[in-house]
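Let the sequences and hints guide you as you build the complete structure.
4 protein chains.
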Amino acid sequence: MNIVIHGCGGRMGRILTEMIFEENEHKVLCGIDIECIGDLPYPIYRDFTFVTKKVDVVIDFSNPTAIKGLLGWCILHGTPVVIATTGLGPEEHRIIQEAAKQIPIFQSANMSLGINALCKAISLISSILCGEFETGIFEIHHKNKKDSPSGTAYLLEDSLKNCTAKITALRIGAVPGEHTVYFAGSDEVLTLTHTAYSRKIFARGALRAASFIINSKPGLYDMNDLNDL
Amino acid sequence: MNIVIHGCGGRMGRILTEMIFEENEHKVLCGIDIECIGDLPYPIYRDFTFVTKKVDVVIDFSNPTAIKGLLGWCILHGTPVVIATTGLGPEEHRIIQEAAKQIPIFQSANMSLGINALCKAISLISSILCGEFETGIFEIHHKNKKDSPSGTAYLLEDSLKNCTAKITALRIGAVPGEHTVYFAGSDEVLTLTHTAYSRKIFARGALRAASFIINSKPGLYDMNDLNDL
Amino acid sequence: MNIVIHGCGGRMGRILTEMIFEENEHKVLCGIDIECIGDLPYPIYRDFTFVTKKVDVVIDFSNPTAIKGLLGWCILHGTPVVIATTGLGPEEHRIIQEAAKQIPIFQSANMSLGINALCKAISLISSILCGEFETGIFEIHHKNKKDSPSGTAYLLEDSLKNCTAKITALRIGAVPGEHTVYFAGSDEVLTLTHTAYSRKIFARGALRAASFIINSKPGLYDMNDLNDL
Amino acid sequence: MNIVIHGCGGRMGRILTEMIFEENEHKVLCGIDIECIGDLPYPIYRDFTFVTKKVDVVIDFSNPTAIKGLLGWCILHGTPVVIATTGLGPEEHRIIQEAAKQIPIFQSANMSLGINALCKAISLISSILCGEFETGIFEIHHKNKKDSPSGTAYLLEDSLKNCTAKITALRIGAVPGEHTVYFAGSDEVLTLTHTAYSRKIFARGALRAASFIINSKPGLYDMNDLNDL
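Residue numbers (our numbering), protein chains in the order written: chain X, 25 to 253; chain H, 25 to 253; chain C, 25 to 253; chain E, 25 to 253.
Please keep in mind that the hints were generated in silico from the structure rather than gathered at the bench. It is possible that part of the hints are untrue.
Identical chains share a label here; the pair holds if one copy fits it or two copies do between them.
To be verified - Lysine to any residue pairs mimicking SDA-like chemistry, simulated, CA-CA at most 20 angstroms apart: (1) Lys167 <-> Thr215; (2) Lys77 <-> Lys144; (3) Lys51 <-> Ile68; (4) Lys224 <-> Arg35.
Here it is as structure tokens:
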């Protein structure tokens, strides 16, 4: 794949860059970043106007405010896009849904295989236990994480059937991300925890999503589509 | 229900007794126990020959060696039975399967709702993740537990799809029972833990199973049948 | 010991009652409870005016508003008292300190051996790691718990040296109480968790404290004094 | 410091190399590795005979069989050494103690700050709780780890006062290392877990130890000496 990395200068953009160059399967045509830092092994542009080559897919690890401009360019060029940026609000989700009528878009608040298996598991467990059991969510991230609770915590909450969960969050140290879902019954508790050891899992998931989306019809896709493969 | 408790003098027999008398919904006709301790609020007999009244269901919390005699009597009288005894071997399972051709039998190595939801969850997760992830099981119980690994650990192992798990066990203090299943991938780990706070969950599950089995046809039933209700 | 249980009709009062009668070492002279429920195996009075016998120690599992009246009576009769009621505010702590000039008072937000060993451990760990590591506290209790965060969470926070901790709390199901302290460094995390399997640990601790306080001089004592024995 | 990395081609040797070059504070004179891989940014020799420059300190991440040769060279040249290799047996420990009479040696089965704070904490907790509580150790590592139980698990066991612990170990996936110590009492459990998110913590600790050892007199030092600074 010929990839453009949107938000190439941020933490996730750099991890994705490193992974692509290590695996040496795909090519990064260029990166887009408002701050042209220049220490990455491909051309970096301030915006999409400088992109002239044929792009197979854009992978986005930027920030919510940049989504609108990104989608405008992708629609104009019919380019599939993977949106891995977190902290999206209702307005961004509306824009994404609108754009997905014209181009294939893959969007998830969490690109890891583990979190997505966890979503399916808690959907199943809650359908069995809720009623008799109560549910709660707890998540820990590094102190620089901007959104709290995390988008992943909301993704987990959305997976619950027949019940709601209170979400609590802690921001300390350099923890890449730990999410726990509790099901508390009378005299027994189920505790399901996902521990991220490295942000590489999000880069790996974004690449997997890119391989999927380049062959898809216009529409909005998420991890559920990926796992069915 | 008119219940006979098989193994009434053991730890679980006593917890079940207390629960039935507290809830005051069902009646214990008598208890069977090789050691007639006499401090329980119903007649206790050394064996079934003394049982003359109409029994709706036998709940068994005895030990593996007593299963054969129990089933002989139940078949003779067409009495449904809930087998909650743990540590059964292949021979006991064979006898149970044979008896289930004639009477309704409910058997599970773990009667709790939580463990059974966990079994279904890990079945689902392993079908998604195994291949890329590796699996392990760890369990802790009080030091008086005779079987190690626990029957519940094997129940969890049997639920895994597409993979096997190494089981490790620790026996310390008075821990009622904690089971953990790990799914370890590249840079991420899913950890699913069931914590029993009290053995009451096994008594409650056995009563629930009894309510189910008294209206069932001959056959062998387990928690999967119960959850479908 | 001849014991008066203050708050005998509440959950902890009943657990303490059961433990004392099971162990059969000490005697409950009477219980004090504003709601005279009458199903306990000793006389229950609405207040202390009915207590006429010689009392060795009062064990208090009532509520913060009842502390003042309790201490007034104890001072008048020179009776040692164990205050195990949780959710005390600054005003109650002031009253307790004042009363401790005249009578021996044992007070702790958590009577369990485990929590108190944990307090000492995190005091030690924080003195080594804080500076390079960050700290957070998370606690789970049953949904009927009135104070949030728990008094125990504050007790843990007070034990930290050279750092402060953000406290987060979840209230679900019937969880007796779980407290976790995190120390998050660069690429490593220490997690220390205390799990209460039953409220009996608080009753047991209160009895242990009572045995200690009946032989003490006037003053304010806590778990640190107990562990030094 | 002018450093020689012994075992530079292994996983830890490479992580240490990357850290030293990123921090750019110290210099790697050369690496020693039986397999001369040649893709590291400094000269690599098969053994010490090729080392001619003045060495401030050797940092060893090789394997137990290479310890004897390493120490022979260090004694000859009076060079301080940090031994971070794991899986040492009684014979290696004897050789190290002997060598420490002539040169300063820093040796620990685990170089991380967190594990060493944990050792001190469980030493304290066990001195309070053992007798009434029972202890167990559980550790998880990636499946390529050669020694099982880990040296760190033994380090933790050695820290316990007044009690012993059964050690259980699981080897799955790519888990960098998780160690848990349990203290199980009646109705309560203390669980202390150290999670390594990256092997960088061992490289960082080895560098810290190197800074300490270059100014020390001959003798055998460990993490306890470091923490006292």
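Status of each hint after checking the structure:
no.	hint	result
1	Lys167 <-> Thr215	between (24 angstroms within a copy, 17 angstroms between copies)
2	Lys77 <-> Lys144	neither (39 angstroms within a copy, 49 angstroms between copies)
3	Lys51 <-> Ile68	within (14 angstroms within a copy, 33 angstroms between copies)
4	Lys224 <-> Arg35	both (11 angstroms within a copy, 18 angstroms between copies)
Hint violations for this structure: number 2 only, all remaining hints satisfied.
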